[in-house]
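**Student:** Protein chains in written order, with UniProt numbering: chain A, 1 to 138; chain B, 1 to 545.
To be clear, the hints were calculated from the coordinates, so they are not data collected in a lab. The reader is advised that the hints may include incorrect statements.
What the hints assert, rightly or not - DSS-like, lysine-lysine: derived pairs with alpha carbons at most 27 angstroms apart:
1. A/Lys4 x A/Lys58
2. A/Lys124 x A/Lys14
3. A/Lys124 x B/Lys34
4. A/Lys19 x A/Lys94
5. A/Lys3 x A/Lys19
6. A/Lys130 x A/Lys94
7. B/Lys34 x A/Lys14
8. A/Lys19 x B/Lys34
As the list claims (entries may be wrong) - Going by beta-carbon spacing under 10 angstroms, a handful of chain A positions derived as facing chain B:
9. Ala12
10. Val48
11. Ser81
C-beta atoms are modelled at their ideal positions from N, C-alpha and C, and glycine is treated no differently.
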Amino acid sequence: MFKKIMAPVDLAHKDRLEKALQCTADLAKHYGAEVVFVGVTTSTPSSVAHSPEEYGEKLDAFANEQSQAHGFTALGKALLSHDPSSDVDDVLLKATADNNVDLVVMASHLPNVMDYVWPSNGGKIAEHAKCSVMVVRT
Amino acid sequence: MADETANQGIPEPDGRAHIIQTDYQIGQDNIETKIGPFGLDIHNPVFLISGLAIMAFVFYTLALPEQASTVFSSMFDFTTKTFDWFFLSAGNLVVIFALLLIVLPVGKVRLGGAEAVPDYSYAGWFAMLFAAGMGIGLMFYGVSEPMSHFSSSMGGTASENGVRTDWAPLGAAAGDQEAAIRLGMAATIYHWALHPWAVYATVALALALFSFNKGLPLTIRSAFYPILGDRVWGWPGHIIDVIAVFATLFGLATSLGFGATQANGGLNELFGIPKGTTTEVILITGITAVALISVVRGLDGGVKVLSEINMGLAGILALFVLITGPTMFLLSFFWDSLVSYAQNLIPLSMPFGREDVNYSQGWTSFYWAWWISWSPFVGMFIARVSRGRTVREFITCVLIIPTLVCVFWMSIFGGTAIHQVVNDGYTAAQDAALELQLFKMLDPLPIAAVTSFIGIVLVIVFFVTSSDSGSLVIDTITAGGKVDAPVPQRVFWCIFEGAVAIALLIGGGLASLQSMVISTGLLFTCVLLIMCFAIWKGLHSEPRG
Numbered sequence: 001m002f003k004k005i006m007a008p009v010d011l012a013h014k015d016r017l018e019k020a021l022q023c024t025a026d027l028a029k030h031y032g033a034e035v036v037f038v039g040v041t042t043s044t045p046s047s048v049a050h051s052p053e054e055y056g057e058k059l060d061a062f063a064n065e066q067s068q069a070h071g072f073t074a075l076g077k078a079l080l081s082h083d084p085s086s087d088v089d090d091v092l093l094k095a096t097a098d099n100n101v102d103l104v105v106m107a108s109h110l111p112n113v114m115d116y117v118w119p120s121n122g123g124k125i126a127e128h129a130k131c132s133v134m135v136v137r138t
Numbered sequence: 001m002a003d004e005t006a007n008q009g010i011p012e013p014d015g016r017a018h019i020i021q022t023d024y025q026i027g028q029d030n031i032e033t034k035i036g037p038f039g040l041d042i043h044n045p046v047f048l049i050s051g052l053a054i055m056a057f058v059f060y061t062l063a064l065p066e067q068a069s070t071v072f073s074s075m076f077d078f079t080t081k082t083f084d085w086f087f088l089s090a091g092n093l094v095v096i097f098a099l100l101l102i103v104l105p106v107g108k109v110r111l112g113g114a115e116a117v118p119d120y121s122y123a124g125w126f127a128m129l130f131a132a133g134m135g136i137g138l139m140f141y142g143v144s145e146p147m148s149h150f151s152s153s154m155g156g157t158a159s160e161n162g163v164r165t166d167w168a169p170l171g172a173a174a175g176d177q178e179a180a181i182r183l184g185m186a187a188t189i190y191h192w193a194l195h196p197w198a199v200y201a202t203v204a205l206a207l208a209l210f211s212f213n214k215g216l217p218l219t220i221r222s223a224f225y226p227i228l229g230d231r232v233w234g235w236p237g238h239i240i241d242v243i244a245v246f247a248t249l250f251g252l253a254t255s256l257g258f259g260a261t262q263a264n265g266g267l268n269e270l271f272g273i274p275k276g277t278t279t280e281v282i283l284i285t286g287i288t289a290v291a292l293i294s295v296v297r298g299l300d301g302g303v304k305v306l307s308e309i310n311m312g313l314a315g316i317l318a319l320f321v322l323i324t325g326p327t328m329f330l331l332s333f334f335w336d337s338l339v340s341y342a343q344n345l346i347p348l349s350m351p352f353g354r355e356d357v358n359y360s361q362g363w364t365s366f367y368w369a370w371w372i373s374w375s376p377f378v379g380m381f382i383a384r385v386s387r388g389r390t391v392r393e394f395i396t397c398v399l400i401i402p403t404l405v406c407v408f409w410m411s412i413f414g415g416t417a418i419h420q421v422v423n424d425g426y427t428a429a430q431d432a433a434l435e436l437q438l439f440k441m442l443d444p445l446p447i448a449a450v451t452s453f454i455g456i457v458l459v460i461v462f463f464v465t466s467s468d469s470g471s472l473v474i475d476t477i478t479a480g481g482k483v484d485a486p487v488p489q490r491v492f493w494c495i496f497e498g499a500v501a502i503a504l505l506i507g508g509g510l511a512s513l514q515s516m517v518i519s520t521g522l523l524f525t526c527v528l529l530i531m532c533f534a535i536w537k538g539l540h541s542e543p544r545g
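The following block holds chain A by itself, in its conformation from the complex (with noise of 0.2 angstroms):
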């Protein structure tokens, strides 16, 4: 059903993704999909990286890993965003077009009352992608 599957990952803070990378694991398993981790990273040095290369090197260590660890294809695709507090969502929107990606599996937090004002990422991607979406509660 699945061939694609979109898992969008925050590298600084990997603890809060572990239900969403069994989840991705096991789908990607039960349907023989490829998994496309990406990362949105910035152009000055975050706490995850110096630089967008040094960001890429260790995207791609984690979809390496993840990879070995459940037995699935993946690779890392490290996004740019120049401010992305702001427009993370709009870059995860694009790359699933632009990656052809038919399923989209990621961590979102517990719904509170900011979300009617900002919607969480998770919440604004399911709204938006033309994909399926699958928000997994931390």
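Keeping the supplied structure of chain A fixed, place chain B upon it in accordance with the hints.
**Tutor:** Just chain B, lined up with the frame of chain A:
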């Protein structure tokens, strides 16, 4: 090098840059927490100290307005009068340094590594750096400053006890209209061209270099790494960042306060909207609300769009004045002004032995302190959007092009107003209050109601573009150099800035705090000189070409 197909969207391969190896990890001192539904990711202690210090100062100026005013304005007078030679010398040094970087081989170093690709097109980049840097000043001084120096030059010199009491630049040009115009334009352009932009370019280059090429966080303290080493992550660094936040927030809040007063003047002139605190508070609230939308929409969706709209509008207004004004006169006037600037540049920038004390201390020294105190904010903003440019390209675009644009702008607006006085005997602009001179100059031109309205819109939107980019800068500094801190944080700074402006506007104290901000210019002048050294050291360890 990473697998190219695996990293689409990244401007890569970036080539090698010489990352500084340090154990410091960006965000290691940050507190990540949630207050109610709001997520926070703030630097400890920079965020808290900045916020509390700002509130303490606002409280002081409101509680003891007279004392604060005396203290701060005498501090300001002392700084600009005693250290005028220091400001002028530092300004000259920075201009020479920046010009050298264009021609020396280190100019080939690329920000972000040898093969980095620019994040923004020239147009978007230029619009943003210009709108943050001086857009608003050009609206107010475009007519009034050339006019002022022209009038004082015409008036000639006067002295008392051997000290000049007139405000004319250099030796004035008593009664010689032609010479007074040329001197007036040179004296104006001097304050808006190479010197301020060299200051911005230096600060921006230092931050861009240490962030994009050296891998240090995007905060002011990073430029001190070559001198302080790992101590920049401790208290010396905290203090540097707090002062930068302080200067930025007060600089913006006081400008917002004065800007509201001036926009109110314009609205009163055009639509008869009553002058007063109520209108001004509504204006500040409105400007803050638009800035808020802009910061929430982010750098690309908000700040860049507004900057481009504003530069477009400013371009249309300048073109309109050029065409409907004395076109042929203005075209040759641009050239004459440029030549006159070049001829007078050296005498105007002499730091010692000046006789024109009022001009060199009251104008030049004030301007230098002002540009320098704004440089952490403008510099950091320019740095953030400049990745992928070579040093040569960077300096040319931040120094030479803005200089030419400023000369062009001053020639058109100042030139038209001077032409009105000299050729038509129309002196309404010359006689009007500072904030109304632009509108009075537009009056005799066609569709004055429309152009004046555009003028007011420009004033307001330039405030928005300063306010939103300023909030982003403060947010980044108080998040320890992280540009991806949660949105509520930037919303907080944006509102805080508006609130400080309103509090000072109602309670009084705008002028005294502005004097204080400008006094911090002295401190940042030392920072600026250290940055030149840091850039020099940093560039030499980078691959060229």
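**Student:** Work down the list of hints and note, for each, if the structure agrees.
**Tutor:** Evaluated hints:
| no. | hint | verdict |
| --- | --- | --- |
| 1 | A/Lys4 x A/Lys58 | 21 angstroms, holds |
| 2 | A/Lys124 x A/Lys14 | 21 angstroms, holds |
| 3 | A/Lys124 x B/Lys34 | 21 angstroms, holds |
| 4 | A/Lys19 x A/Lys94 | 25 angstroms, holds |
| 5 | A/Lys3 x A/Lys19 | 21 angstroms, holds |
| 6 | A/Lys130 x A/Lys94 | 10 angstroms, holds |
| 7 | B/Lys34 x A/Lys14 | 18 angstroms, holds |
| 8 | A/Lys19 x B/Lys34 | 22 angstroms, holds |
| 9 | Ala12 | 8 angstroms, holds |
| 10 | Val48 | 9 angstroms, holds |
| 11 | Ser81 | 8 angstroms, holds |
The structure shown violates none of the earlier numbered hints.
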